[in-house]
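Number of protein chains: 2
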Amino acid sequence: MQTKLQELRNRLIEVDNLNSATAVLGWDQSTYMPPGGVAARARQMATLQQLAHEKFIDPAVGRLLDDLLPYEEGLPYDSDDASLIRLTRRQYERAVRVPAAFVAEWTGHSAASYQVWADARPRNDFKAVEPYLVKTVDYCHKYADYFPGYEHVADPLIDLADYGMKASTLKTLFAELRRQLVPIVQAITGQPPADDSCLRQRFPEAGQWSFGLEVIKRLGYDMNRGRQDKTHHPFTTKFSIGDVRITTRVNENHLGEALFATIHEAGHAFYELGVNMAFEGTPLASGTSAGVHESQSRLWENRIGRSRGFWEFFYPRLQAAFPDQLGSVALETFYRAINKVERSLIRVEADEVTYNLHVMIRFGLELDLLEGNLAVHDLPEAWRAGYQADLGVTPPDDRDGVMQDVHWYGGGVGGAFQGYTLGNILGAQFYGAALKAHPGIPEQIRQGEFATLHGWLKDNIYHPGSKFTTDELLERVTGEPLRIEPYIRYLRDKYGELYTL
Amino acid sequence: MQTKLQELRNRLIEVDNLNSATAVLGWDQSTYMPPGGVAARARQMATLQQLAHEKFIDPAVGRLLDDLLPYEEGLPYDSDDASLIRLTRRQYERAVRVPAAFVAEWTGHSAASYQVWADARPRNDFKAVEPYLVKTVDYCHKYADYFPGYEHVADPLIDLADYGMKASTLKTLFAELRRQLVPIVQAITGQPPADDSCLRQRFPEAGQWSFGLEVIKRLGYDMNRGRQDKTHHPFTTKFSIGDVRITTRVNENHLGEALFATIHEAGHAFYELGVNMAFEGTPLASGTSAGVHESQSRLWENRIGRSRGFWEFFYPRLQAAFPDQLGSVALETFYRAINKVERSLIRVEADEVTYNLHVMIRFGLELDLLEGNLAVHDLPEAWRAGYQADLGVTPPDDRDGVMQDVHWYGGGVGGAFQGYTLGNILGAQFYGAALKAHPGIPEQIRQGEFATLHGWLKDNIYHPGSKFTTDELLERVTGEPLRIEPYIRYLRDKYGELYTL
Numbered sequence: 005m006q007t008k009l010q011e012l013r014n015r016l017i018e019v020d021n022l023n024s025a026t027a028v029l030g031w032d033q034s035t036y037m038p039p040g041g042v043a044a045r046a047r048q049m050a051t052l053q054q055l056a057h058e059k060f061i062d063p064a065v066g067r068l069l070d071d072l073l074p075y076e077e078g079l080p081y082d083s084d085d086a087s088l089i090r091l092t093r094r095q096y097e098r099a100v101r102v103p104a105a106f107v108a109e110w111t112g113h114s115a116a117s118y119q120v121w122a123d124a125r126p127r128n129d130f131k132a133v134e135p136y137l138v139k140t141v142d143y144c145h146k147y148a149d150y151f152p153g154y155e156h157v158a159d160p161l162i163d164l165a166d167y168g169m170k171a172s173t174l175k176t177l178f179a180e181l182r183r184q185l186v187p188i189v190q191a192i193t194g195q196p197p198a199d200d201s202c203l204r205q206r207f208p209e210a211g212q213w214s215f216g217l218e219v220i221k222r223l224g225y226d227m228n229r230g231r232q233d234k235t236h237h238p239f240t241t242k243f244s245i246g247d248v249r250i251t252t253r254v255n256e257n258h259l260g261e262a263l264f265a266t267i268h269e270a271g272h273a274f275y276e277l278g279v280n281m282a283f284e285g286t287p288l289a290s291g292t293s294a295g296v297h298e299s300q301s302r303l304w305e306n307r308i309g310r311s312r313g314f315w316e317f318f319y320p321r322l323q324a325a326f327p328d329q330l331g332s333v334a335l336e337t338f339y340r341a342i343n344k345v346e347r348s349l350i351r352v353e354a355d356e357v358t359y360n361l362h363v364m365i366r367f368g369l370e371l372d373l374l375e376g377n378l379a380v381h382d383l384p385e386a387w388r389a390g391y392q393a394d395l396g397v398t399p400p401d402d403r404d405g406v407m408q409d410v411h412w413y414g415g416g417v418g419g420a421f422q423g424y425t426l427g428n429i430l431g432a433q434f435y436g437a438a439l440k441a442h443p444g445i446p447e448q449i450r451q452g453e454f455a456t457l458h459g460w461l462k463d464n465i466y467h468p469g470s471k472f473t474t475d476e477l478l479e480r481v482t483g484e485p486l487r488i489e490p491y492i493r494y495l496r497d498k499y500g501e502l503y504t505l
Numbered sequence: 005m006q007t008k009l010q011e012l013r014n015r016l017i018e019v020d021n022l023n024s025a026t027a028v029l030g031w032d033q034s035t036y037m038p039p040g041g042v043a044a045r046a047r048q049m050a051t052l053q054q055l056a057h058e059k060f061i062d063p064a065v066g067r068l069l070d071d072l073l074p075y076e077e078g079l080p081y082d083s084d085d086a087s088l089i090r091l092t093r094r095q096y097e098r099a100v101r102v103p104a105a106f107v108a109e110w111t112g113h114s115a116a117s118y119q120v121w122a123d124a125r126p127r128n129d130f131k132a133v134e135p136y137l138v139k140t141v142d143y144c145h146k147y148a149d150y151f152p153g154y155e156h157v158a159d160p161l162i163d164l165a166d167y168g169m170k171a172s173t174l175k176t177l178f179a180e181l182r183r184q185l186v187p188i189v190q191a192i193t194g195q196p197p198a199d200d201s202c203l204r205q206r207f208p209e210a211g212q213w214s215f216g217l218e219v220i221k222r223l224g225y226d227m228n229r230g231r232q233d234k235t236h237h238p239f240t241t242k243f244s245i246g247d248v249r250i251t252t253r254v255n256e257n258h259l260g261e262a263l264f265a266t267i268h269e270a271g272h273a274f275y276e277l278g279v280n281m282a283f284e285g286t287p288l289a290s291g292t293s294a295g296v297h298e299s300q301s302r303l304w305e306n307r308i309g310r311s312r313g314f315w316e317f318f319y320p321r322l323q324a325a326f327p328d329q330l331g332s333v334a335l336e337t338f339y340r341a342i343n344k345v346e347r348s349l350i351r352v353e354a355d356e357v358t359y360n361l362h363v364m365i366r367f368g369l370e371l372d373l374l375e376g377n378l379a380v381h382d383l384p385e386a387w388r389a390g391y392q393a394d395l396g397v398t399p400p401d402d403r404d405g406v407m408q409d410v411h412w413y414g415g416g417v418g419g420a421f422q423g424y425t426l427g428n429i430l431g432a433q434f435y436g437a438a439l440k441a442h443p444g445i446p447e448q449i450r451q452g453e454f455a456t457l458h459g460w461l462k463d464n465i466y467h468p469g470s471k472f473t474t475d476e477l478l479e480r481v482t483g484e485p486l487r488i489e490p491y492i493r494y495l496r497d498k499y500g501e502l503y504t505l
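From first to last, the protein sequence lines are chains C and F. The first sequence begins at 5 in our numbering and counts up one residue at a time. The second sequence begins at 5 in our numbering and counts up one residue at a time.
Derived by calculation from the structure, the hints in this document are not laboratory data. Treat the hints with care, since some could be wrong.
[To be verified] Listed below are several chain C residues computed to face chain F (Cβ distance under 8 Å; list not exhaustive):
#1 Tyr-36
#2 Pro-38
#3 Arg-47
#4 Gln-48
#5 Leu-52
#6 Gln-184
#7 Pro-187
#8 Ile-188
#9 Gln-190
#10 Gly-224
#11 Met-227
#12 Arg-229
#13 Gly-230
#14 Tyr-339
Note that the structure is predicted; figures quoted are calculated from it, not measured. For glycine and all other residues, C-beta sits at the position ideal for the given N, C-alpha and C.
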């Protein structure tokens with residue numbers, strides 16, 4: 005059995021090498037690649053993904069999984085070996101339905117589409133991306149068709165990011181969340197807005213960059229196992245458990261954008277860096293779902309990074325980095341500025357209260373596109389209508405409207421956004437469990453100490469990697485199923501103190 | 005036939021995609037990868053190289069080449085299709101002798117060895133690299149053994165870089181070159197040394213970086229199809245004809261190092277960027293040999309970049325970039341400084357006259373290592389002895405001694421250095437042909453105009469890619485075989501004016 009398991013591992017490592025190489029090529033494309041490299045990069049990534057897929061769906065893998073079934077059944081459910089075999093089987097059974105040539109085509113298209121978006125967005129040129137998005141929707145349809153019997157066409161795509169989640173479940177969940185959020189947003193936006201002018205000064209890039217790094221190093225980001233580079237749209241990428249990189253972009257006229265994106269991406273990186281090193285090179289060696297991933301990024305970004313205690317420690321350091329801009333701005337003014345609630349245009353810069361409305365607009369549009377109720381051609385108008393209806397603002401252009409997020413242009417529609425809101429909900433549940441285990445965490449944060457929290461998250465969330473599904477992990481860590489109450493309570497408490505609710 | 009040719013092309017593009025991906029991973033390792041990524045990177049590159057090799061030596065490729073033979077024979081020798089089939093067959097017949105598993109092992113070892121060298125060199129720690137170099141020599145032996153019947157064990161390795169060249173030919177060529185060079189070196193070094201103190205001031209990195217880029221852009225480097233990044237040891241790498249990148253390192257206490265390395269690497273890049281775009285994704289789409297490659301890098305670096313006319317144009321710009329350091333330094337002083345001949349320690353910083361002695365020391369040591377006449381353990385001492393004997397200087401440490409060049413630590417001994425000296429010789433022959441065709445080139449250079457030279461090189465050297473062997477190309481362009489006289493004459497003329505010869 006150990007021979008068979010080793011053979012499976014060897015095959016999985018080869019697949020991992022190809023996937024990791026693809027990730028390096030994608031990172032390079034998003035950070036440093038000159039424009040002349042576009043065409044070749046798309047075909048390079050397509051070849052790597054095709055080979056990875058071919059290697060993974062090799063019938064020999066299926067036979068090994070069959071042979072290993074008795075061994076797996078004799079092990080505890082949560083043992084490393086049983087988990088590896090179980091997860092590999094689940095992914096194998098999904099992958100084997102999809103032809104390698106399709107994967108190559110979709111990957112090549114995605115790389116090309118990304119580049120067109122990166123070029124077209126500054127020009128506000130939706131026309132340029134439109135034909136690519138049409139094809140993307142088509143690819144997503146074709147992908148779904150490999151899974152006949154789905155309840156909703158988006159389900160196979162959602163399943164890729166958040167295993168076990170369905171459009172119908174999300175619709176119900178989101179409807180309830182919306183029902184509870186909208187009155188809070190209304191109550192807040194009916195009051196005088198917070199003054200965030202302190203953030204809207206000139207903050208030179210170099211200073212923002214080094215302060216952001218100082219913060220995440222203090223939070224626990226190990227620069228020997230990662231780095232930060234500039235890109236169009238912040239993301240985290242993993243090449244191995246020892247090399248998990250983040251990217252960000254800097255707006256010299258707004259302090260918050262790069263800073264909170266950096267903390268957000270560091271949260272993703274903590275997850276991947278914290279996975280059990282013994283899982284390296286196997287499917288276990290990554291975060292278990294988009295939702296749990298976002299629970300970490302948004303926990304660090306918001307729950308920690310926008311808390312008063314956090315800034316009691318960091319604000320004097322920030323003032324020292326930007327004495328001209330912030331020297332005479334009080335901590336409380338700054339705290340209120342970074343937690344200003346407003347109906348705004350940009351998801352990644354949205355406050356915690358309105359954020360989920362941004363997600364829901366996108367989720368709804370994704371379902372409309374996939375259901376065939378909305379043509380790509382009409383998407384910009386539908387986007388504007390959605391923002392007007394739900395947030396009371398209308399994007400002045402597509403750049404900060406329908407083209408603001410990379411997701412749809414990086415190759416996937418359906419399943420791209422629900423993870424953010426799931427993450428907000430899950431994050432509140434996980435953090436509740438962390439506080440229960442270590443009530444001293446908030447006081448430690450006030451002292452700039454994050455080791456207890458980081459350690460608890462590592463032990464409970466990061467270390468298992470993909471061993472457990474989202475639901476299993478949640479149950480193990482909190483003893484509860486997914487529920488929105490802790491998240492809503494957190495928002496009510498925090499914003500009830502900042503505004504009259 | 006066109007179907008078969010297309011099938012061959014499709015297979016070759018897949019191989020190219022894997023090779024290019026390996027190059028991206030190598031570039032990343034040398035530029036941005038954090039230390040934690042080392043172990044995984046070695047296995048990632050090994051997998052890619054193994055797959056590239058497997059795909060290339062697929063018997064189907066051999067069958068296609070057989071089927072295409074009549075078609076090839078019906079075409080002119082220099083037609084694109086005939087050249088593609090011919091070159092592919094040559095590479096196929098070489099590659100098919102080498103097992104893919106060996107390629108993977110060697111690649112993985114090379115990536116690991118590179119990283120150990122990059123870490124150990126600043127610490128002057130030869131002990132750390134020694135076991136890796138022992139293995140490297142062993143891999144080189146094993147590689148050679150796949151080609152039984154070789155005249156010299158280094159020949160199969162030299163052949164990889166400089167097709168058709170042999171150790172015996174090189175020994176004869178180098179002996180003659182040495183015979184002619186040594187008296188020149190002796191004559192010069194018996195005279196008072198040039199004053200190069202103007203180069204040995206403090207030149208902040210940012211200024212050096214931007215001036216270097218300004219220079220190579222003027223020479224014709226297209227930043228839309230390339231970029232420059234920092235590394236331990238300057239190199240050029242190609243991911244496609246549209247994406248050819250260079251790297252350099254900066255010494256803030258010496259102006260010449262980064263600048264001439266940048267021009268040198270740009271020379272390599274011009275070659276790869278100038279290849280016929282129709283060859284993209286095939287073996288034709290790269291420089292034909294190490295020797296011809298170096299003929300371009302060293303032509304731009306030295307023949308052009310260290311010429312008086314070049315600096316008549318650029319020196320006022322350099323002074324403007326560094327007014328404090330160079331404002332009161334005369335052009336002639338600067339010109340003599342950058343052409344100072346001295347017995348020195350570092351190859352890449354050596355003047356044109358002594359440079360080949362550095363190469364010959366390395367070439368001799370490579371042969372000794374491969375012949376088994378020198379153990380890796382004794383290499384540092386042999387290095388010191390060689391430098392004392394040939395250059396009259398002894399390295400104070402291994403960092404600037406046997407560990408100064410990446411080549412042996414990046415995985416290959418034998419065939420790593422001869423290309424530089426071949427390049428010096430070839431460059432003089434090619435430049436002679438360029439001047440014959442366009443006698444106005446030196447005057448244009450004085451005006452900062454490089455289009456005529458760049459255009460002639462593109463048409464004659466770059467555009468054919470690997471269509472012709474070194475000898476064929478030389479014959480076509482100059483009508484001559486390889487000969488050292490033009491190079492020696494150039495050195496005598498230039499340095500005869502600077503020194504008494």
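Cross-check of the supplied hints:
1. Tyr-36: Given a least distance of 6 Å, the restraint on Tyr-36(C) holds.
2. Pro-38: Constraint on Pro-38(C) satisfied, holds at 5 Å.
3. Arg-47: Nearest chain F Cβ about 6 Å off; hint holds.
4. Gln-48: At about 4 Å, which falls below the 8 Å cut-off, the nearest Cβ of chain F leaves the hint on Gln-48(C) intact, so it holds.
5. Leu-52: holds, 6 Å
6. Gln-184: violated, 43 Å
7. Pro-187: violated, 47 Å
8. Ile-188: violated, 42 Å
9. Gln-190: violated, 47 Å
10. Gly-224: violated, 14 Å
11. Met-227: holds, 7 Å
12. Arg-229: holds, 3 Å
13. Gly-230: holds, 6 Å
14. Tyr-339: violated, 33 Å
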